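Novice: Sequence:
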Amino acid sequence: MTCAACTSSVERALAAVPGVMKVRISLALGEAEVECTASAQENDLLQAVEDAGFGAQVTNGSATHCISIDIQGISKGSSADDIEKALKGRPGVMEVNMSDASRVEVEYNPDATGPRDLVRAVQELGFGARLVESGGDAERVDAQCREREYWWTLFSTSLLFSVPVFLMAMLVPRMPGGSVVKTEVLGLPFDVLFKWALTTPVQFVIGWRFQSGAWRALRRGTANMDVLVALGTDASYLYSIISVLHHRFLDHTRNEYTPTDFFETSAMLITFILMGKYLESAAKGKTSEAIASLLRLMPDGAVLVALGKNGDVVMEDDIPCNLVQKGDYLKIYPGARVPADGVVVEGVSHMNESMITGESREVVKKQGDNVIGGTVNTGGALLIKATRVGSDTSLAQIVRLVERAQLSKAPIQAMADRVSSIFVPIIVCLACLTWLAWYISGKAGMFPAEWVPQGHDFFLFALLFAIAVLVIACPCALGLATPTAVMVGTGLGAQMGILIKGGEALEKAHNVDSIIFDKTGTLTLGKPYVVTHQLFDPDVSSEELFALATAAEASSEHPLSRAIMKHGFRLLAGPNDRCPSPSPDTQRSCGKKREKMEVGWVRPSRNVDNRPGKGVVCQTDGRKGAEARVAVGSARLMKEEGMSISEEVSGALQAYCFDLSGSLGDCLSTACRLRIHCAAFFFEERTLERMLCMQGCCVTL
Numbered sequence: 004m005t006c007a008a009c010t011s012s013v014e015r016a017l018a019a020v021p022g023v024m025k026v027r028i029s030l031a032l033g034e035a036e037v038e039c040t041a042s043a044q045e046n047d048l049l050q051a052v053e054d055a056g057f058g059a060q061v062t063n064g065s066a067t068h069c070i071s072i073d074i075q076g077i078s079k080g081s082s083a084d085d086i087e088k089a090l091k092g093r094p095g096v097m098e099v100n101m102s103d104a105s106r107v108e109v110e111y112n113p114d115a116t117g118p119r120d121l122v123r124a125v126q127e128l129g130f131g132a133r134l135v136e137s138g139g140d141a142e143r144v145d146a147q148c149r150e151r152e153y154w155w156t157l158f159s160t161s162l163l164f165s166v167p168v169f170l171m172a173m174l175v176p177r178m179p180g181g182s183v184v185k186t187e188v189l190g191l192p193f194d195v196l197f198k199w200a201l202t203t204p205v206q207f208v209i210g211w212r213f214q215s216g217a218w219r220a221l222r223r224g225t226a227n228m229d230v231l232v233a234l235g236t237d238a239s240y241l242y243s244i245i246s247v248l249h250h251r252f253l254d255h256t257r258n259e260y261t262p263t264d265f266f267e268t269s270a271m272l273i274t275f276i277l278m279g280k281y282l283e284s285a286a287k288g289k290t291s292e293a294i295a296s297l298l299r300l301m302p303d304g305a306v307l308v309a310l311g312k313n314g315d316v317v318m319e320d321d322i323p324c325n326l327v328q329k330g331d332y333l334k335i336y337p338g339a340r341v342p343a344d345g346v347v348v349e350g351v352s353h354m355n356e357s358m359i360t361g362e363s364r365e366v367v368k369k370q371g372d373n374v375i376g377g378t379v380n381t382g383g384a385l386l387i388k389a390t391r392v393g394s395d396t397s398l399a400q401i402v403r404l405v406e407r408a409q410l411s412k413a414p415i416q417a418m419a420d421r422v423s424s425i426f427v428p429i430i431v432c433l434a435c436l437t438w439l440a441w442y443i444s445g446k447a448g449m450f451p452a453e454w455v456p457q458g459h460d461f462f463l464f465a466l467l468f469a470i471a472v473l474v475i476a477c478p479c480a481l482g483l484a485t486p487t488a489v490m491v492g493t494g495l496g497a498q499m500g501i502l503i504k505g506g507e508a509l510e511k512a513h514n515v516d517s518i519i520f521d522k523t524g525t526l527t528l529g530k531p532y533v534v535t536h537q538l539f540d541p542d543v544s545s546e547e548l549f550a551l552a553t554a555a556e557a558s559s560e561h562p563l564s565r566a567i568m569k570h571g572f573r574l575l576a577g578p579n580d581r582c583p584s585p586s587p588d589t590q591r592s593c594g595k596k597r598e599k600m601e602v603g604w605v606r607p608s609r610n611v612d613n614r615p616g617k618g619v620v621c622q623t624d625g626r627k628g629a630e631a632r633v634a635v636g637s638a639r640l641m642k643e644e645g646m647s648i649s650e651e652v653s654g655a656l657q658a659y660c661f662d663l664s665g666s667l668g669d670c671l672s673t674a675c676r677l678r679i680h681c682a683a684f685f686f687e688e689r690t691l692e693r694m695l696c697m698q699g700c701c702v703t704l
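In the working numbering, the protein residues as written are 4 to 704.
FYI, nobody ran anything at the bench for these hints, they're computed from the structure.
Bear in mind the structure is a predicted one, so any value in this text is a computation, not a measurement.
Where is the CB? At the ideal position from N, CA and C, for every residue including glycine.
The reader is advised that the hints may include incorrect statements.
Calculated pairs, DSS-like style, for lysine-lysine (alpha carbon to alpha carbon, straight line, at most 30 Å) [as the list claims (entries may be wrong)]: (1) Lys-522 <-> Lys-329; (2) Lys-522 <-> Lys-504; (3) Lys-522 <-> Lys-511; (4) Lys-504 <-> Lys-25; (5) Lys-530 <-> Lys-511; (6) Lys-369 <-> Lys-312; (7) Lys-388 <-> Lys-369; (8) Lys-388 <-> Lys-522; (9) Lys-530 <-> Lys-642; (10) Lys-617 <-> Lys-642; (11) Lys-617 <-> Lys-530.
Quick list of simulated restraints, FRET-style, between CB atoms [to be verified]: (12) Ser-545 <-> Thr-525: 28 to 38 Å; (13) Pro-607 <-> Gly-131: 52 to 62 Å; (14) Ser-545 <-> Ala-508: 34 to 44 Å; (15) Glu-152 <-> Gly-76: 55 to 65 Å; (16) Ser-545 <-> Leu-495: 19 to 29 Å; (17) Cys-148 <-> Asp-84: 48 to 58 Å.
All chains, please: the whole structure from these sequences, using the hints.
Specialist: Laid out in structure tokens, this is it:
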């Protein structure tokens with residue numbers, strides 16, 4: 004597909020298939036999404052597209068999965084039959100096809116079996132077997148890289164021929180001594196023969212795809228961009244030949260007549276169109292790479308475990324991630340990525356889900372909690388059971404959401420498609436009318452005869468204007484600009500963590516008057532630190548107050564709790580930014596959940612009461628071993644505990660107050676650095692009349 008007329012033809016062809024309810028087509032991606040009933044067969048859809056003059060293949064259809072397996076050591080005859088029989092005997096296998104002598108394609112139900120079982124079934128027969136990655140975004144990126152190289156080869160080759168033609172037409176004859184190029188060779192000026200010779204391969208070799216595309220479009224009764232390009236360049240080329248031969252066979256002398264040609268127009272037009280196709284393919288490639296970068300969040304391998312009768316791990320095996328099956332038990336070590344969506348069977352840890360959910364705060368995971376494929380285990384080891392693998396994972400669904408957004412049409416694109424569908428016929432009609440008007444005007448003497456070049460007649464003169472109409476008109480901008488913009492916008496947005504639901508959302512974005520951001524971890528780095536603190540009880544030292552504060556905050560995962568823990572560690576345990584680890588295998592940073600008794604500098608706490616959005620209250624060991632009740636949190640928490648809050652405390656940037664023996668102990672301020680892009684954003688938008696900063700405890704103007 005090259006333009007909106009092509010997409011309209013395919014859309015009409017698919018919509019005419021019985022059972023089809025809705026068709027979405029992306030010109031930029033070269034894909035169609037069809038919603039249909041069970042009566043619409045895949046073969047009927049493919050046949051409809053092929054009847055419209057295009058090739059097609061199904062990339063995602065039924066609920067079953069398909070894989071290809073490369074087999075080593077297979078021979079014809081009985082070996083192939085044995086493999087086919089073994090695979091068909093596996094539960095859940097729907098169909099087995101030997102595509103060639105060394106490759107088998109298997110369609111299966113993922114709820115009953117998986118790729119690892121199928122590969123093992125082949126290996127048990129004594130053959131080598133390897134799963135072949137097929138489809139998916141990695142293959143799409145490779146295909147678009149090849150497409151980009153294809154267009155670059157055509158463009159660079161065309162440029163190599165076209166630049167000399169352009170220089171010979173526009174520059175060389177006007178240079179000192181340039182008249183030498185007018186020397187006649189075979190009865191024609193040398194510069195004309197030179198341009199003719201170099202333009203011919205551009206027109207019929209490099210630009211042949213436009214000629215063949217136009218022919219196919221005309222055969223199926225449509226007129227697309229290829230038709231207009233072929234008409235414009237062919238008209239320029241043929242007019243130039245007619246003009247040159249007209250001069251040659253009528254034996255005009257050099258003083259009377261110089262043949263008028265437009266060889267450079269044909270060559271440069273094809274070159275510019277090829278440049279546009281190359282730039283388009285480059286933009287598409289960047290978008291596919293952005294989507295593929297999301298899928299690269301998945302690890303390359305996984306640790307498969309086998310459980311004994313008592314639920315103990317009896318064996319561990321490293322396997323490729325693409326061999327993970329539904330129902331597998333997997334071990335997730337600290338620092339490793341989760342290879343599939345699953346549920347925690349054993350262990351307690353923390354997960355960094357920011358790459359999936361955008362939430363900067365690490366999430367506690369314990370038995371029964373769900374984990375998301377592609378997230379990072381930042382704590383202890385976990386044992387999980389895979390519930391969704393491959394294309395069914397949350398990460399794959401996010402990718403499909405982005406792809407679906409690229410298939411959607413913006414309202415303005417629908418209008419452009421309607422115009423593009425009739426654009427080419429209208430331009431051809433206008434070109435014919437232009438020629439007819441100038442020809443009739445010339446015959447009727449409505450303009451001076453001196454306007455007609457020597458050796459020309461009114462037919463050739465009028466043809467000049469008709470060619471001009473064809474050459475300057477091209478529906479590329481109408482048919483490609485909007486879908487390419489939507490594709491690039493949604494792809495780059497996904498790479499930056501912004502999911503855009505389609506072109507309509509982008510089109511309406513200019514009406515937005517308010518944007519709400521999550522502050523911590525989105526606008527900021529999500530790692531606050533203590534800037535300053537002020538003591539209100541002269542009898543209590545900073546060390547004593549932070550000893551009480553860290554006892555209360557040791558079990559909290561709030562970013563501000565971590566800031567207090569880090570600051571307390573510097574005061575109480577040493578100059579480093581890291582706390583002692585609770586165990587050798589979990590190397591946790593300060594402020595993360597730990598067994599307090601294993602960390603010597605943190606006092607034990609009792610009766611811990613976490614109050615979301617406010618703070619924490621607990622009991623711990625105070626001075627001289629006395630029991631102390633400690634409250635650490637916001638001004639609202641202090642008021643709930645009956646504390647009087649002064650304006651000095653309530654006006655702090657971040658107020659964390661320590662209730663020590665019934666009196667207000669300390670107030671501290673924290674800060675969190677802005678991300679680089681956010682700082683630039685606020686600088687650019689500083690002229691706004693009203694800006695709001697929304698966070699958990701307040702709204703700041």
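Novice: Taking the hints in turn, state whether each one holds.
Specialist: Status of the hints after comparison with the structure:
For a cut-off of 30 Å, the pair hint linking Lys-522 to Lys-329 is broken: about 37 Å separates their Cα positions. Distance restraint check for Lys-522 and Lys-504: the Cα-Cα separation of roughly 23 Å lies within the 30 Å cut-off, and the hinted pair is therefore satisfied. Pair hint Lys-522 plus Lys-511 holds up; C-alpha atoms about 24 Å apart against a cutoff of 30 Å. A hinted pair counts as satisfied when its Cα atoms are at most 30 Å apart, and Lys-504 with Lys-25 qualifies at roughly 18 Å.
Restraint check for Lys-530 and Lys-511: not satisfied, since their Cα atoms lie roughly 34 Å apart, outside the 30 Å limit. The straight-line distance between the Cα atoms of Lys-369 and Lys-312 is roughly 22 Å, inside the 30 Å bound, and the hint therefore holds. Under the criterion of a C-alpha separation no larger than 30 Å, the hint pairing Lys-388 with Lys-369 is consistent with the structure, at around 13 Å. For the hint pairing Lys-388 with Lys-522, the CA-to-CA distance comes to about 34 Å; that exceeds 30 Å, so the pair is violated.
Our distance criterion of 30 Å between C-alpha atoms is met by Lys-530 and Lys-642, whose separation comes to about 27 Å. Straight-line distance between C-alpha atoms of Lys-617 and Lys-642 comes to about 11 Å, which keeps the hinted pair within the 30 Å bound. For a cut-off of 30 Å, the pair hint linking Lys-617 to Lys-530 stands: about 19 Å separates their Cα positions. The beta-carbon spacing between Ser-545 and Thr-525, approximately 32 Å, falls within the hinted interval of 28 to 38 Å.
The hint said 52 to 62 Å for the Cβ distance between Pro-607 and Gly-131, and at roughly 59 Å that hint holds. Checked against the hint of 34 to 44 Å, the C-beta distance between Ser-545 and Ala-508 comes to roughly 51 Å, which is inconsistent with it. The beta-carbon spacing between Glu-152 and Gly-76, approximately 35 Å, falls outside the hinted interval of 55 to 65 Å. Checking the proposed 19 to 29 Å range against Ser-545 and Leu-495 shows it is violated: the Cβ atoms sit about 48 Å from each other.
Restraint check, Cys-148 to Asp-84: a C-beta distance of roughly 39 Å breaks the suggested window 48 to 58 Å.
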